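**Q** Protein sequences appear in the order of chains X and D. Counting from 1, position 271 in the first sequence corresponds to residue 270 in numbering that gives the first Met the number 0; the numbering is continuous, with no gaps. Counting from 1, position 249 in the second sequence corresponds to residue 248 in numbering that gives the first Met the number 0; the numbering is continuous, with no gaps.
Among the hints, erroneous ones may be present.
Identical chains blur together in the list; that is why a pair holds if it fits in one copy or across any two.
Said to hold, decoys possible - Taking lysine to aspartate or glutamate and the DMTMM-like style, the derived pairs with C-alpha atoms no more than 25 Å apart in a straight line are:
#  : residue 1 : residue 2
1  : Lys-67    : Glu-336
2  : Lys-275   : Asp-396
3  : Lys-15    : Asp-396
4  : Lys-29    : Asp-357
5  : Lys-29    : Asp-256
6  : Lys-213   : Asp-256
7  : Lys-339   : Asp-249
8  : Lys-67    : Asp-334
9  : Lys-209   : Asp-357
10 : Lys-352   : Glu-366
11 : Lys-70    : Asp-256
12 : Lys-53    : Glu-341
13 : Lys-292   : Asp-126
14 : Lys-168   : Glu-385
In short, the hints are calculated from the structure, not lab data. Treat the numbers as computed from the prediction; the structure is a model and nothing was measured.
Number of protein chains: 2
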Amino acid sequence: MSKNAKTIEGGILSAKGFKACGIGAEIKYKGRNDVALIVASKPCAAAAVFTTNKVAAAPVLYDREIAKKGKAQAILANSGCANACTGRKGMEDALSSAKAVAKELKIDSSLVFVASTGVIGRPLPMDRLVCGIKKAASSLGTANEDALNAAKAIMTTDTKPKQAAAQVKIGSKIVTVGGMAKGSGMIEPNMATMLGFITTDAAITPSMLKRAIKLAIAKSFNRVVVDGDESTNDSLFLLASGEAGNKPIDKAGADFDSFMSALTLVAASLARQMAKDGEGATKFVTVNVKGAKTQSDAERAARAIAKSPLAKTSWFGKDPNWGRVLAAAGYSGADVEDMKAEVYYGNEWAFKKGKVADCAQLEKLEEVMQSDELAVTVKLNLGKYEATIYTCDFSLDYVHINADYTT
Amino acid sequence: MSKNAKTIEGGILSAKGFKACGIGAEIKYKGRNDVALIVASKPCAAAAVFTTNKVAAAPVLYDREIAKKGKAQAILANSGCANACTGRKGMEDALSSAKAVAKELKIDSSLVFVASTGVIGRPLPMDRLVCGIKKAASSLGTANEDALNAAKAIMTTDTKPKQAAAQVKIGSKIVTVGGMAKGSGMIEPNMATMLGFITTDAAITPSMLKRAIKLAIAKSFNRVVVDGDESTNDSLFLLASGEAGNKPIDKAGADFDSFMSALTLVAASLARQMAKDGEGATKFVTVNVKGAKTQSDAERAARAIAKSPLAKTSWFGKDPNWGRVLAAAGYSGADVEDMKAEVYYGNEWAFKKGKVADCAQLEKLEEVMQSDELAVTVKLNLGKYEATIYTCDFSLDYVHINADYTT
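So that you can see chain X by itself, here it is in the shape it has in the complex (with noise of 0.2 Å):
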């Protein structure tokens, strides 16, 4: 295995030391899971990062506290009540989960991180989901099902369960990382949210992880573009249990580097698997801008596009119309000049430095578009900096889906 990891098949139980399961506790829905716990076999250490919406869920708060200490044994996910603008009671009902989870497990409470998505304003149920955790403690396991249950118990209005894993060696120890991920799709009703769980048997500091899970977050979920709200719960849970037995890594260097390939890998495999997930979405699109003045110039203009709703019907449209993604770099606030300026669709350029394309061009277009899987690239020549940012187009379902429900 060469020090650049591979992606491989699995998920949340990839990494050596956890188990998990999903589980019904009909905390909404009936009939499915929506309930999911990850337990590793020791405390491990632990990062996190949350959303910034001011208006946090309260499990989001609990958490924040809970991840400075850099060590966690356990994660509770609940779907259909996000636990969000509960104020108190919010607060008590995520303190008295982690609780209830931590007298099942036999282990400390403030090792105990939980997670919440679905809707905003209602109290948990508690009753049903502290007989849920006890089904669920005793639920756990560490076969590939157990891990797919898992990821179909955070789902709301995800269309599959979103899994991803690498490998890579680090000295002479395979090193493996593995996760699962709900989308940032609106959930019924009320939110859009993004959890993701990624678990390694890394042998790796507190504070490096730290590092680690704010580098791949970078390049992976902060990547991603749906509809540009951000949820009151978004969260990115990290757990190493170092089982791996590796030299563990407390600063920066080869190993380090080695681990966070496989990490991205896996992050951005959830990133993507997210993109294309989004609510109504009929085209995965990678918006890239080459050639800008400086890197917050190319991100501006990357997440402009991406957030437009003028270019995401265009491309549900399967229309090359770049005046639309040429004018929305140009009100980002990054530097552009159109004459200078570049818009391609694959690889096929629709316009370039004051040439549009014509008809033959056009032809090529066309085709292009009709690909659910589409690149848009500005190339604004006027600097050597560039970004990338994941995103999909915007559909007729999408209203559908965040219009058609009734609170």
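On the provided structure of chain X, position chain D as indicated by the hints.
**A** What follows is chain D alone, placed relative to chain X:
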């Protein structure tokens, strides 16, 4: 007549000293008006405000220079072609069309503004435009019908022409302000463009007129959000003929305030008409944020709510989905404390400091949501600042209009 302005029936020809027309030149559309010409009987004080998009269309680049001098006598506007991303050729065409107008009217070409809206990246059909200019110069009139024809000539995906007028007494004189606009609904195929044209017979210096347009726009056009996309061609023009005979307004004070009250009425009416006629809109929505800690917080929160696809689709779905509204405020950057916040639809509360609407309250909310004019109010209860944004919902037709086009 009181010091406060009153709305009257009218448009671009309500003020004394102007002629106008709208004629068909087949710029893009056949069998409809697509060239408007507004002409004053003598050079006027003039002011204008333009898009901040880095990709600014040729007419915008051209007009910025005209506006610096504070004097103008005519405005030419065409729909069907934006003359954007057209490079040097575009600048030459803007100049040529101003010169053609000047020649027909026997005035100096430096007194002519030009405005375009339509397809990006294609040159103006200059032969047809020059024919149109000749036809327009010989079609000028002062009747209501001429004003209406002009208002129709600038329409693109607008479903109706937009006109407004107001009067106010300044000293012993009645001063009139009137105008027309085209919406920020997205033009087929490429752009969202807002164009506004306002005339007045007030006597006022160019420097005070410049101040007036900036104040007016802050309370009107800059308060409208349709989809958050900003066009390459957005422009607002203001000409003052002085024919009302009032003592010229050359400083701040009571006369300026009176003028501002009339100008603001007209600008705000045009802005509201644009929001109501947003592409595919089924609801006109006024977003109010109150009790913000700072003015900037109030603005940010109101704009984030008005732009949120999740909030906009919930309005379309008649869903009192306060969670999406509050979450948008939460990620806007404004200070928000969910347990202090309140969300109202019309006069009915949906969320009040942690309390969620019960069944009886939900019934009232459901009734409010049926209306085609909806006020969404968030009280943050953290300070004394407030902001209002006019917007519309996000409907299936928005996606239809913007997807079902092939370049």
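**Q** Checking against the hints above, which ones are violated?
**A** Result: hints 3, 5, 7, 9, 13 and 14 break, sorted rising.
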